[in-house]
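Q: Sequence:
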Amino acid sequence: MVQDTDVLEYEVVIVGGGSAGISVAASLLKRQPGLDVVIIDPADRHYYQPAFTLVGGGTYDLASTHRSMHGVLPKGASWIRAAVESFDPDNNALSLQNGRVVHYVSLVVAVGIKLDWEHVEGLTETLGKNGVCSNYSPDTVNYTWQCLQGFSGGNAIFTQPPPPLKCAGAPQKIAYLAADHLRRKGLDGNSTLKFYSGGGALFSVPDFVPPLERVAQRHGIEVLLSHNLVAVDGERQVATFETKNAEGEAYRVEQPFDLLHVTPHQCAPDVVRNSPLADAAGWVDVDKGTTQHVRYPNVFSLGDASSLPTSKTAAAVRKQAPVTVKNLLAQREGGSLAAGYDGYTSCPLVTDYGKVMIAEFVYNGVVTPTLPLNPFKESRFYWVVKKYLLPSFYWNTMLKGKEPDIAHKPLKNTT
28 MVQDTDVLEY EVVIVGGGSA GISVAASLLK RQPGLDVVII DPADRHYYQP
78 AFTLVGGGTY DLASTHRSMH GVLPKGASWI RAAVESFDPD NNALSLQNGR
128 VVHYVSLVVA VGIKLDWEHV EGLTETLGKN GVCSNYSPDT VNYTWQCLQG
178 FSGGNAIFTQ PPPPLKCAGA PQKIAYLAAD HLRRKGLDGN STLKFYSGGG
228 ALFSVPDFVP PLERVAQRHG IEVLLSHNLV AVDGERQVAT FETKNAEGEA
278 YRVEQPFDLL HVTPHQCAPD VVRNSPLADA AGWVDVDKGT TQHVRYPNVF
328 SLGDASSLPT SKTAAAVRKQ APVTVKNLLA QREGGSLAAG YDGYTSCPLV
378 TDYGKVMIAE FVYNGVVTPT LPLNPFKESR FYWVVKKYLL PSFYWNTMLK
428 GKEPDIAHKP LKNTT
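First residue of the sequence shown: 28, per the numbering used here; consecutive thereafter.
Think of the hints as simulated: they come from the structure by calculation, not from any bench. Warning: the hint list may mix true and false statements.
Said to hold, decoys possible - Taking lysine-lysine pairs in the BS3-like style, the calculated list, with each CA pair at most 30 Å apart, reads: (1) 427 to 193; (2) 427 to 102; (3) 193 to 429; (4) 271 to 141; (5) 346 to 315.
No experiment lies behind these values; they were computed from the predicted model shown.
Can you make the complete structure from the sequences, with help from the hints?
A: Right, dumping it as structure tokens:
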């Protein structure tokens, strides 16, 4: 429970009640049930965000994606419902926006990523109307499905900003679902679908680019790389992109739309970026193997807010959490940090209603499938995994601190 003083003290302070924070807290308390652990987060709901793609595609209920924060807190953990104002790692302290100061012995920073909606001129003014939708917020994801249902033909545009972003496959997943939806409604003949990416490739791991290009081609989706969304005029229904010509000179392109799905630009949260914990890019500066801060040994970070050089997904957190917990406990006991994170992450790429391709890989883009199936082929089995098995696994295993040992072996033949 929250203490009624202006200065609070805890053994382990976890900032962030998302997948990373809850998983770490649950694991810590399974290993040391009496440990004094507190989670700091202002939200009263915890969301299973990987299902937002399916919500926007009309095949999952938004109400099933969230539970109360009280409902997911591990037994034995305290909760401070407040936001952090600043970090003071030199004094093992942090300040809350309500004026309180919290002292810690160990700190875990898991505050997630900032969705920078204001980065694109005019976006906040038109988001949720005029055919401008996004699966990246529970406040707007249902409108995506409304837009798809009401779409009767014309230009459907899907955007992806330059990295970093969480669940980097999500921007193209909704494009594939939209294309499949329009085909089923017989609207594919009078519809133009375009996918604009601010990045230089369709996917960060080269081995998955050719099969995804074939998926886009099958759906009739034109892919335009290195096109960064910079402005949206909702009333005119025009999106403006910035790109470069062969000489490297920047210029802008206007694209009329009837439906525009926007993936917002993303960056490190302000509270991290403006703190002593940050690296040059604004992320919590940690060792990529141990998740320990490079300058403050009693500070650890995982998930989207960390500098770990891998894709920002819940699957990555799944493998980062036990490493963080083991090393945090070792550091507290004066031992060596033996646990290592290999960069594992996973992205279930929805390619149709009923079909999914799962991209699993570790550092350096090495493909490491869990099951002995071809990772470059779309599968109905993986659709069942994505829609039914993973949500249950998330709520009942991952957030409970249960950590079965799963081996991920590098794929020898990737062609």
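Q: Evaluate each hint against the coordinates.
A: Quick rundown of the hints versus the structure:
Taking the CA atoms of residue 427 and residue 193, the gap is near 23 Å; set against the 30 Å cutoff, the hint holds. The straight-line distance between the Cα atoms of residue 427 and residue 102 is roughly 9 Å, inside the 30 Å bound, and the hint therefore holds. Simply put, residue 193 and residue 429 have alpha-carbon atoms about 24 Å apart, close enough for the 30 Å limit, and the pair holds. Taken as a hint, the residue 271 and residue 141 pair is honoured in the structure, with Cα atoms around 27 Å apart against an allowance of 30 Å.
Only pairs whose Cα atoms come within 30 Å are accepted, and residue 346 paired with residue 315 is accepted, the gap being roughly 13 Å.
Of the numbered hints given earlier, the model fails none.
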